[in-house]
Each structure stands twice: as C-alpha cells, then as structure tokens.
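S.K.: In case you want the letters, here they are:
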Amino acid sequence: MLFTTSNFIIFVILLSIIYYIIPKKMQWQLLLIASYMFYAFAGIQFIVYILITTITTYFATINISKLQTKYNKYIKENKAIVTREERRAIKETSKKKQRQWMVLCMVFNFGILAVLKYSNFAIENFNKILGLFNSETSFKGLGFILPLGISFYTFQTMGYLIDVYRGKYDYEKNIFKLALFVSFFPQLIQGPISRFDDLKDSLFSKHNFNWDNINFGFQRILWGYFKKVVIADRLLIAVNNIIQNPDIYQGVYVIIGMFFYAIELFADFSGGIDIAIGIAEVLGIHLEENFIRPYFSKSITEYWRRWHITLGTWFKDYMFFPISVSKPMLKLSKTCRKNFNDAIGKRIPVYVATIIVWLTTGIWHGAAWNFVVWGLGNCIVILISQECIPLYQKFHHRFDVKNKFYFRLFQVVRTFWLMSFLRTFDCYRDVGTTFKMYGSIFTVYNINEIFNGGLMQLGLTIKDYILLFVSVWIVLLVSLLQRKEGIRIKIAAKPIMISYMIFFILFLGIIVFGAYGVGFDQSQFIYSQF
Amino acid sequence: MDIIIDILSDLHPEVDFEKCNSLIDDKILDSFDIVSLVADLTDEFDIAIPVEEIIPKNFNSAAAINEMVKRLEDE
Amino acid sequence: MKKKMIINIFLIALSVFTLFIVQRLLMPKYVSTIQEGSLVEEYYKEKTNHDVIFIGDCEVFSNVSPITLWENYGITSYIRGSAQQLIWHSYYLLEDTLRYEKPKVVIYNVLAMKYDEPQKEAYNRLTLDGMKLSNTKIKAIKNSKMEDESTLSYLFPILRYHSRWSEITADDFKYIFNKSKISHNGYLMRSDIKPVGYLPRDKKLADYTLGENSYMYLEKITQLCKDNDIELILIKSPSVYPYWHEEWDEQIVDYAEANDLEYINFLEYNDEIGIDYQTDTYDGGLHLNFAGAEKFSLYLGNILKEKYKLNDYRNDLIIKGNWDKKIEFYYNMKEQQEFEISEYGYLISVGEAVQSINETD
Numbered sequence: 000m001l002f003t004t005s006n007f008i009i010f011v012i013l014l015s016i017i018y019y020i021i022p023k024k025m026q027w028q029l030l031l032i033a034s035y036m037f038y039a040f041a042g043i044q045f046i047v048y049i050l051i052t053t054i055t056t057y058f059a060t061i062n063i064s065k066l067q068t069k070y071n072k073y074i075k076e077n078k079a080i081v082t083r084e085e086r087r088a089i090k091e092t093s094k095k096k097q098r099q100w101m102v103l104c105m106v107f108n109f110g111i112l113a114v115l116k117y118s119n120f121a122i123e124n125f126n127k128i129l130g131l132f133n134s135e136t137s138f139k140g141l142g143f144i145l146p147l148g149i150s151f152y153t154f155q156t157m158g159y160l161i162d163v164y165r166g167k168y169d170y171e172k173n174i175f176k177l178a179l180f181v182s183f184f185p186q187l188i189q190g191p192i193s194r195f196d197d198l199k200d201s202l203f204s205k206h207n208f209n210w211d212n213i214n215f216g217f218q219r220i221l222w223g224y225f226k227k228v229v230i231a232d233r234l235l236i237a238v239n240n241i242i243q244n245p246d247i248y249q250g251v252y253v254i255i256g257m258f259f260y261a262i263e264l265f266a267d268f269s270g271g272i273d274i275a276i277g278i279a280e281v282l283g284i285h286l287e288e289n290f291i292r293p294y295f296s297k298s299i300t301e302y303w304r305r306w307h308i309t310l311g312t313w314f315k316d317y318m319f320f321p322i323s324v325s326k327p328m329l330k331l332s333k334t335c336r337k338n339f340n341d342a343i344g345k346r347i348p349v350y351v352a353t354i355i356v357w358l359t360t361g362i363w364h365g366a367a368w369n370f371v372v373w374g375l376g377n378c379i380v381i382l383i384s385q386e387c388i389p390l391y392q393k394f395h396h397r398f399d400v401k402n403k404f405y406f407r408l409f410q411v412v413r414t415f416w417l418m419s420f421l422r423t424f425d426c427y428r429d430v431g432t433t434f435k436m437y438g439s440i441f442t443v444y445n446i447n448e449i450f451n452g453g454l455m456q457l458g459l460t461i462k463d464y465i466l467l468f469v470s471v472w473i474v475l476l477v478s479l480l481q482r483k484e485g486i487r488i489k490i491a492a493k494p495i496m497i498s499y500m501i502f503f504i505l506f507l508g509i510i511v512f513g514a515y516g517v518g519f520d521q522s523q524f525i526y527s528q529f
Numbered sequence: 000m001d002i003i004i005d006i007l008s009d010l011h012p013e014v015d016f017e018k019c020n021s022l023i024d025d026k027i028l029d030s031f032d033i034v035s036l037v038a039d040l041t042d043e044f045d046i047a048i049p050v051e052e053i054i055p056k057n058f059n060s061a062a063a064i065n066e067m068v069k070r071l072e073d074e
Numbered sequence: 000m001k002k003k004m005i006i007n008i009f010l011i012a013l014s015v016f017t018l019f020i021v022q023r024l025l026m027p028k029y030v031s032t033i034q035e036g037s038l039v040e041e042y043y044k045e046k047t048n049h050d051v052i053f054i055g056d057c058e059v060f061s062n063v064s065p066i067t068l069w070e071n072y073g074i075t076s077y078i079r080g081s082a083q084q085l086i087w088h089s090y091y092l093l094e095d096t097l098r099y100e101k102p103k104v105v106i107y108n109v110l111a112m113k114y115d116e117p118q119k120e121a122y123n124r125l126t127l128d129g130m131k132l133s134n135t136k137i138k139a140i141k142n143s144k145m146e147d148e149s150t151l152s153y154l155f156p157i158l159r160y161h162s163r164w165s166e167i168t169a170d171d172f173k174y175i176f177n178k179s180k181i182s183h184n185g186y187l188m189r190s191d192i193k194p195v196g197y198l199p200r201d202k203k204l205a206d207y208t209l210g211e212n213s214y215m216y217l218e219k220i221t222q223l224c225k226d227n228d229i230e231l232i233l234i235k236s237p238s239v240y241p242y243w244h245e246e247w248d249e250q251i252v253d254y255a256e257a258n259d260l261e262y263i264n265f266l267e268y269n270d271e272i273g274i275d276y277q278t279d280t281y282d283g284g285l286h287l288n289f290a291g292a293e294k295f296s297l298y299l300g301n302i303l304k305e306k307y308k309l310n311d312y313r314n315d316l317i318i319k320g321n322w323d324k325k326i327e328f329y330y331n332m333k334e335q336q337e338f339e340i341s342e343y344g345y346l347i348s349v350g351e352a353v354q355s356i357n358e359t360d
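Protein chains in written order, with numbering that gives the first Met the number 0: chain S, 0 to 529; chain G, 0 to 74; chain U, 0 to 360.
If we strip away everything but chain S, and leave its shape as in the complex, we get (with noise of 0.2 Å):
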C-alpha cells in the first residue's frame, strides 16, 4: 500500500475518522491494528519479522532493565558499606551482563537484516572471488524479498534498545505498545527513525479531535503529495531514461541527470516525509523533522545534518560516539600520540569511526558496490574537508567575505553540486558505469544538444517542462519562507477565505498535474526499497 494508492488514502481517512470516535485510551491500540494492517497489506508472512524483532527486544530490555534495577537497590540498600572501587566493580559486571544481553539482541536482530538484505550481496562477490581462482563452482543467492521497511525498523528498534541500555529511559513495560513504535505505520516505510523518547508521550497519549492538528497535518500532507506527485514522479521519467541509457546520454546529459535526479530524489523523499508527518499530526502525533532545507547548506557536514537528519543522528549516538571514544579507541590514539605525533593520535578515532560509519550508512542504503563508493565517497569530502579548515580560516582571515551574501550562495552552489556528483553513484547500475559516465563529462561535448531538443527526448515535453520549473519554483520559494518563520503559521494568520483557496488550489494541482495515473508508472516511493 503506497502512499499514492487511492487504498491507502481511503485507508487513512477511515483511520482518522474512527480514531476520533472510540474512546480515547483505545486510540493506541487503534493505532498498533492500523499498523498491523499495513503491514499486512505488504505481505502477511512479513510480519513474522516485525513481530521477532519486537519480541526479541521486549525480552532483552526487561533483562537489562532487571539488572539495572537490582544493581540500584544494592547500592541504595548497602550504601554505607560499600566502598567506591566495590560499587565500580559491582556496577561494571552488571553492565557488562547487561551488555550481554544488548549484544545478543543486537546481533539477531542485524543478523536478520544482514541476512536479509546482504545475504545475496554477499554470496555474488564471494562467486567472484571464486571465478578469479578459476574455481567451478559457484553458490546460488538465496532470493530473500526484503520485508517492507525493515532497514527503518530494525534501526530504530535498536536505538531504542541501546537507550535502555544506557539507562537513557526505562523500558516499555506494555509489549503492545513497542509493538505499536515498532510498527507505527507513517514511518514504516520510509522513516523518520524515531527515538522512543522522542514519540512516546505523543503515540501513547490521548488525543482529542483538534481542528489545527487536522488542518496542519493536512496541509503537511498536501505539500508532500505535491513534491512526490507532481514534481518527483515526472522528473523520475527523464532521469530513468537518462540512467538506464548510458550508452546514449552522455556527456551534458549527465550532468542534466544528476540535477533532475537531485531534485526528484529531494522532492520525493521528503515529500514521502511531509506524508508521513503530516498524517502522524491529523492523528495528534509529532514525529521528528527529517529534513530542514538541505539544499541550502554551506558544506557537506552540513547537508548532512539537515538531510535524512534521523538516520544521520542515529549513527552519530549509536555508531560514531560509540566507536570514536570507546577505551581501545583512546587508548589507540594515546599510543599514536606517543608514538608518532600528536596530529596522527588525535585523529585517529575520528577517521576510524567516521569510515566505519560511512561505509555503513552506504552499505545501509543497498547492496551493491555502488552504495559503499558512494558512503566512501562522501566519509573522503568529510574528511578533507575537516583538514581544509585551517586553510579556510587562514583564507577568511585574508579576505572579509564569510557573510558576503555571493560567497554564502557560492557555497550552497558548491555543496549542491559536490553532493549531486557523489549522488550519481546511487543512479548507474553499477560503479564502472559511473565513473564512466564521469569521464564522459570531459570527453564528449555535446553541449549544443540541449538547446537543440534533446530534452525533449527524455520523455518530457516543453509543458512538463514548464510545469517542473514553476512548480520547483514554488518549493523553492516556500523553503526561502520557511527560514524565517513557519509559512503555515503565516497562512493561519491570513482571512480563512485565503488560506482555504491556497491550499484548495495546491489540491487541484495535485489532481490535475500529478503524474499518476495511466501514462504514467506509479513508482514506488524510492526509498522505501532500503
């Protein structure tokens, strides 16, 4: 059930209708039934996965929980004789039986999803491997369909394991109600990664039918059909044509695909986001913002902190910190400070935690080859960038123009374009192509193609074009608002007159300019494969 089904949006109606209706306490459960449907919906026997991994949890964090609580009493109950070195001692072996526990919940919980989705992966390379050593045989891949969302799930099941863990917050002591974080619906498919902080007062609460709440979410929703409908789904048929054609759209072409793809992958995936927050808040949930102008950002550290901003965040606090300051790790970087030089120690955490986390976050995106230059790809522009910093100061210190308005539009040019170009490794079927595709950049100019009808080639025709150029403006336009003060709010403010039409009329140009329907391949969100 896609987001753009008309199931889906009758499915969401009814929802929301019923879930004002019954009793207040029963909203949650209404919640966790809805969710299950969903998922049902993708495939019954998937649930079989979702329903492991909240099982296993549940049982892991009330052991964890269990010990936590057993040590808190011992130390309350035997205060006055237990000495400093005892409590330590006593407290590092109830953590490290608590951390037994994580560690196996952890592991079969990723090994699910390793199995899952690397499974196949893992088997092509090692059959390569083979064939360089002329061997005969070969094993076949094991074909696992991927269950819908698991990528999403997993993740944020386990960061709220490694919460519990860390004594953050307490365990859900109600097995149905992690299943309902679990499986929140919205978020299922593609996100946000939610923290259990973060969304249980909401998801658990009772809510009273408020008209703002209703009003917002639906705008939110409105918007995110917009991005996804009418922009996202129309580019995606240039872009396509583009990426699966390499041997005839070369040269200018690809620069074009990575600008289209830049902007349907923006517009698609936080407008799946705008979907899913915009429904979380009909039903009076607050889930986290999973992107804040991105393309706006001044250097690539930045895009990455306002773009896909839940899953940057959860491999900051449960795969970099983790890493980069555990006890070997320091101890590592002291050794390298002794022996070689300070420079090399310090950074030794930092660039072993940040390629660990690079490759993961590629690898996390899919499996292929692609993914994992692509990771690398963005951890080596990290990097330089981070040992460019004395280089910038030394040149703002030269030149007064860090808040000259050309230079701060230089940069976001500069990032948008450095970020497009890392992108395109997520686009050709594999990374020969890609760097291929990159040559011909270079070697063939065929510059004059775009103003001679090539684009129009691409399957879309001059009103497609215009109509993709007013509606990016728009986007465009409404971002550049939004830094200011929220353009909802803004809009509220207006007669009801106005605003009403206002969002009427993005509603008839979701109807009328969207790209659905038959002609056009309703695609699948493109994120919800990972």
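Hints are computed from structural coordinates only; laboratory data are not their basis.
Accuracy of the hints is not assured; some may be wrong.
[To be verified] Covered, in the sense of this in silico footprint (three residues per stretch, anywhere, with C-beta under 8 Å from a C-beta of chain S), are these stretches of chain U:
| hint | segment |
| --- | --- |
| 1 | 7–19 |
| 2 | 145–156 |
| 3 | 161–169 |
Just so you know, even glycine gets a beta-carbon here, dropped at the ideal spot from N, CA and C.
Here the structure of chain S is known, so what remains is to put chains G and U in place on it, guided by the hints.
M.R.: For chains G and U alone, kept in the frame of chain S given last:
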C-alpha cells in the same frame, strides 16, 4: 574549570567559552570536536566518559562539562 | 459562529463546483473526433419514449437508422450503442434505459458474444463514462473494469483524464457543458464510401464455444426483458468482417430456441436487403454507410412492423412534431456530408474512418 576552558580554547580559539552556554545547540562544537574533547578530558582528569554521557546537556557549556567531570570523578 | 459556518459552506460548495468544472473541462468531448464516445451520454437528452431499443456495438449504431424506421413505419426507436460494446455493457445499458422508459422490443446484436472478458480500458471508458451516475452504473463499472483499473477513477473521471491538461483544445471549452448533438437517435451517420477490398483470411479458431461470461449476461438480458414484458430479438447485423462463424451462429440459434426468442442472422438475407458492398460501406466492409444503413433499416422495419405489430405514431401530432425536428437534422447532416465529400473527397467534419481492414490484421 580553567583546564576545561583551556582545552576548549585549543579547539576554537575564537569562542568565549566562559560565557557561551549553547555550544552544541548552536553547533559550535561538532562531533569531531566532541571526540577530541572527550579524549583530552579522559587524559587530563583520569576519568572514563561513557558514551551515554555524550548528550547535548553535558556539553552545552564549560560549566556543564565541568559538572559532568566532577560527577564522573566521584564515581 | 454562524458567519463562519456560512463561509465554510460557501467555500466547500465553491470547491466542489470548481472541481466539477475542471473535471468537465478535462474530460474528452468526443465531438469532433471519436464521435462514438458521445453516444451513451446523448440518450439522456431524449424527451420521448421509444418502442424499440437497440443495444450492441458498432454494428447497431452504424447500421441502423431510426429515422428510416420512423419515416417508413412510424416506429419510434433509439440505439444505445457504443464502440466495442461488450455484452455486460449492453446489459447494464439496458438496465439503465429501463430506469427511464419501457420499450416493447429490445434488439441485441450478438457479435460481442465472442468476447468473454474485458478487452481494453478505452472501450470501458467509451461506454461507461457517458452513463449517468446510478447504482446501475456502479455495478457496470465493477463488472467491466480491467484488473488494473480503479472504480474511483470512473466515479471521478478527473483522476483518469487529468493528464489532458496539456492537450486542452478550444473544443474542450466550447463543449464544457453542452455538447452539440451528433447522432440520430443513436445512429452515427457516415455517407462516405469505401468499397470492400482486401479481406483477411478466415483463421480457424481452436475453440468456438462462446464464453461462459457472455452467456451469463445474455441470460441476464433475457431475464430482464422477460421480467419487464419486453420482446427480445437477437440479430446479427450485416457486415463482411469481422467474420461471424457458423459455429457461433449455431450456438445462438440453440440459445434462441431454448429461450423462445427470435434470432435473425441478417448475413443470410444480404440479397433480399439489397446491400452492395461496393457502395454501401464506408470502411471496406466493417460497417454500413448511410445508404447501407437505410436499406437495412427498411428491411428490419418491415419485420418489426409485420411480426411485432408496433404502433405507427405518425398520426400522433406531438410525437410527429418531435420527429420532424430529428428528420430535419438528419437530412441537413446528410447534405453537409455529401457536400464535404464532393468538396474535399472525404468527411472533413469527422475525419476518415478510424477503423479499416488492414492487411496486418
């Protein structure tokens, strides 16, 4: 406290760490800074800073860092 | 509070109205091209009742002229035909018609019996989009749609035709509310001639059994007529192609016998009717042209008159006045078409025949 200010000033000489109390919220310290800060604090005070302590609340100001260090020293 | 309520109601009404207008604008008009798309809709403009209702595909709306039936026998009739009308379409169109009037005779052209399942979205659209919203229409949609079509897009055609925003023409504005009449009681006139030339080989079929689904709807039609005291006549209208196989014919003969119906295969009476496929077809034998349709109607009218004792309404002044207008429109169009043919060599107002027998068939 002075030691902490010194360590911080090494990272960002241009910031007035005595006054600033939104080091994380205003993105003055990025994650790379945090890592080297943690390494320095571990060295300097002979403490272990577990990863669960790395939350904005503990790093938003020199005073907050100081408080965290004191607490960890006591453990 | 009250004021707010009024504003809200006003805004919602305005939105619905706007949506409706935009939907009307975006829907294909079928006036200048693919005129058969307008046929189903045009029926609702009829003010008087009819003794005879035709249902079926192009072999009724091209081959039968109700004006001829009126002029010569005083029979009132209407053709609820549409392009590639499949039998379940026919059934629901009949059900729809019975909501407005009760004819004495219903004539069904059996060619579509050979199709046992939905063929193409376009055919569904050409028949169903024109129907007025009713329970019948919803049933018709549910039972006609292809697997990948959604009922919703029939109820709200804007969901289907929205991408026409880039192809809007002056016609779309001109006919947004009121389309000009194009048929003569459901008869689509064509006066041009394209004699029979190439005919494809008569390919042997593996199985000649008419489909279960087709039979089911034929039975439903039979039952519906029985329940309403209507005489049902099955016909196979004259044409040279597509072939009407002997084996099919036998099955219909058997069905008619078993159900006590009349079945007339007019392919067997070609000479009596007097059709000359060098002059009486506009697309090489698929359909009759004006001349052919008049000949066939004359022959058919005689049967209706003799056997079914239909009233001659030519003396009823009110009905006659109504038909006089139709006659005027009929001959004006004929004149116009003849003018176009002599001036341009083809029917400029409706274009060349869309379908034709191709050697690739």
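S.K.: If a hint holds in the structure, say so; if it does not, say that too.
M.R.: Against the structure, the hints:
1. 7–19: holds (count 5)
2. 145–156: Result for this restraint: holds, n = 3.
3. 161–169: holds (count 4)
When held up to the earlier numbered hints, the structure conflicts with none and fits them all.
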